[in-house]
Amino acid sequence: MTPEQIAEKADALYHDLDLGRVKQFRDEHPGAKVIGYLPIYAPREVVDAAGMLPVGITGGRGQIEIIRGDAYFQSYICQIPRSTIELALSGRFQLIDGFLFPSTCDVIRNLSGMWRVLFPEKYVRYVDVPQNFDPKVGGKFFRGELGHLRDDLAKLGGRPVTDDDLRRSIVKYNENRSAVSDLFALRNAAPWRALALESYLVLFAGNVLPVEEHTTLIRDYIAAVNASDRPMRDNARVVTIGSFCEQPPLGLIKTLEMAGCYIVWDDMTLSKRWLTQEISTEGDPLTAIAEAFLTHSHSNAVLYEPRREKGDALMDIVRRTKAEGVVFAAPSFCDPALLEQPMLTEALDREQIPWTAFKYSENLGQFQVIREQAGTFADSIKLWSPA
Amino acid sequence: MVITTGVDIGSSAVKVAVLQSPKGSGRERAGTRVLAKVVERNRRRDARQVIELAYDRALSEANLPREKVDYVATTGEGELVEFRTGHFYGMTAHARGAIFLDPAARAALDVGALHARAIKLDARAKVLDYRMTSQCASGTGQFLENIARYLGVTLEEIGTLSQEGKTPEKVSGICAVLAETDVINMVSRGISTANILRGIHESMAAGFAKLLRSSKVEGVVLVTGGLSADTGLAACLNDALHKQGASKLDVRTHPDAIYAGAIGAALWGAYRFEKLAFTPGLADIQKEEHLP
Chain A
1 MTPEQIAEKA DALYHDLDLG RVKQFRDEHP GAKVIGYLPI YAPREVVDAA GMLPVGITGG
61 RGQIEIIRGD AYFQSYICQI PRSTIELALS GRFQLIDGFL FPSTCDVIRN LSGMWRVLFP
121 EKYVRYVDVP QNFDPKVGGK FFRGELGHLR DDLAKLGGRP VTDDDLRRSI VKYNENRSAV
181 SDLFALRNAA PWRALALESY LVLFAGNVLP VEEHTTLIRD YIAAVNASDR PMRDNARVVT
241 IGSFCEQPPL GLIKTLEMAG CYIVWDDMTL SKRWLTQEIS TEGDPLTAIA EAFLTHSHSN
301 AVLYEPRREK GDALMDIVRR TKAEGVVFAA PSFCDPALLE QPMLTEALDR EQIPWTAFKY
361 SENLGQFQVI REQAGTFADS IKLWSPA
Chain B
1001 MVITTGVDIG SSAVKVAVLQ SPKGSGRERA GTRVLAKVVE RNRRRDARQV IELAYDRALS
1061 EANLPREKVD YVATTGEGEL VEFRTGHFYG MTAHARGAIF LDPAARAALD VGALHARAIK
1121 LDARAKVLDY RMTSQCASGT GQFLENIARY LGVTLEEIGT LSQEGKTPEK VSGICAVLAE
1181 TDVINMVSRG ISTANILRGI HESMAAGFAK LLRSSKVEGV VLVTGGLSAD TGLAACLNDA
1241 LHKQGASKLD VRTHPDAIYA GAIGAALWGA YRFEKLAFTP GLADIQKEEH LP
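Taken in order, these protein sequences are the chains called A and B.
Take 1 as the starting number for the first sequence in my numbering and just add one per residue.
Take 1001 as the starting number for the second sequence in my numbering and just add one per residue.
Don't take each hint at face value.
Once the Cα atoms are required to be at most 27 Å apart in a straight line, the calculated BS3-like pairs of lysine-lysine come out as [claimed, not checked]: (1) 322(A) <-> 1243(B); (2) 1243(B) <-> 1166(B); (3) 33(A) <-> 155(A); (4) 322(A) <-> 1275(B); (5) 1037(B) <-> 1068(B); (6) 254(A) <-> 359(A).
Quick caveat, the hints were computed from the structure, so don't treat them as lab data.
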């Protein structure tokens, strides 16, 4: 298959708000449960170990008109909870048996409470994560949380979740993480071949595909890209940051590429690569997941990092990817992304790294202004940067 | 020598320029020669076909094969050019083209088929600020082209005819639909073509003068883009600036100003070609040995 064909397949999954692939899973695995999770971090290994399909809930992707969803939120709240409520109330989540609400922000946390009221028949869990990174304190706490989740899912699925089940799932997700990491390395080395939009769609497919199938899709895409012959263009290498929760519309990614930017790194699919390294398959598997969270979490706006200056991680990424500039693309009203931005821009200014910033919502349909901004930003990097 | 091409894909025409500049001439590209320049109107044809046609014509005029071109730079709807090396945003390209055509220029007024932009620039062609017309098509090339068709005059005749108009009729400067209705009424009232065109030019010029004033440009303004050859518009623009108290602005035209975007893109392309070739850091990251 060509990269275009693989991206087309992933694009069909992206646009299917009725979760056809999830229905297929249920048909293929009678009695198996499906667990939805909101952005960003959810311990998918535990869900998979319980013989269930973890499904990423990523909002309406600009494809639905939000009528009922707006009634639940004030005007200063971002778009993703509105479209998530709209999807649920329109019956599109009927295939999903339970929902995990990660500790991302107040909006997602409050959504878990609303879910309990609106859908009392569904399993709902707020996934709390440690704020203390001492293994004896935060590690112990998170191990306990994961234990509760395992017990809940065992009860829901009607069978125990053994340590061996967990280890098998950890191996599968480690393989997936390795494939994702290779895809990012390829994008960084040859962004003219592994296009940002295609890569995004391929990673996004992991929201509905069983993990083994998703790993195969990524590997197939990498092989197809390596076999392809695409011309290298003189574009500016940029990192985009701020899109870790509510996802940008595809048109925005396309607009950035068309405006002359190679996106060599982004945080758009952070829920698929929260952990930067493998989880150990030795010892107690839940302790291993908890330790991986404490030691290998990707630095981001919602992670509490008392020992690190804000901006250090971004500067590491800029250096590692040899990026020439940074684009802050954050959803409107996204507190974590927007509150972090001044600290990150300060770090970039210190190192004289050019940056630009704009806001979006998942249902944005007009990209002319962003195209102008990104186009002039790319030009300024290419023509006026000291490098 | 560095050979570069600039392809400016507009909504009504494709412009191509072929340039030759001395190696090592930096951003300034002193000694650059325009080897060929071609404009091909779209005339409802497939855009990619028009681009290929214009590009081949330009290279043939320059007597060069494709493989001799070091950098193909696009501006406008550049994604339609599969063989491009790099793309530059319209303002960046027009600013560079304006400085090339008139080194005294400190602003460019790019009047295209669908919009107009006032671009403030410095002597190095760096864009300092800009203002753009709103999305309405009134006061742009496409609107004028439609009116010319209704009136049965060619685009080349518009400028001369407009300057013959002594008692211009006022035309709506806000909405293309209303303006077209105004023109139909004028024709039925027996208003002369010259006065109708003059009225349209005055309406457009008033809008452009406001645009230039709001962008706080100073000194020489070069009109670029599809309407740059319209002498009637330039005359009205000078009048409008005088009326609005901005007579210190020196509005100029240039016979090649329609190619400003293409020339500008080709000049930036030459600069980038050398920068990529001689900057080790940039060259390194484009080597495929980094592939996993």
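How the hints compare with the structure:
Distance check on the hinted pair: residue 322(A) and residue 1243(B) sit about 53 Å apart at the alpha-carbon level, beyond 27 Å; violated. This hinted pair checks out: residue 1243(B) and residue 1166(B) have alpha carbons roughly 17 Å apart, not beyond 27 Å. Note on residue 33(A) and residue 155(A): the hinted pairing holds, with a Cα-Cα distance of about 11 Å set against a maximum of 27 Å. Distance restraint check for residue 322(A) and residue 1275(B): the Cα-Cα separation of roughly 16 Å lies within the 27 Å cut-off, and the hinted pair is therefore satisfied.
Between residue 1037(B) and residue 1068(B), the direct Cα distance comes to roughly 17 Å. Compliance with the 27 Å bound is thereby established for this hinted pair. Annotation: proposed proximity of residue 254(A) to residue 359(A) holds, straight-line Cα distance about 16 Å (limit 27 Å).
The structure fails to meet hint 1 from the earlier list, while all remaining hints are met.
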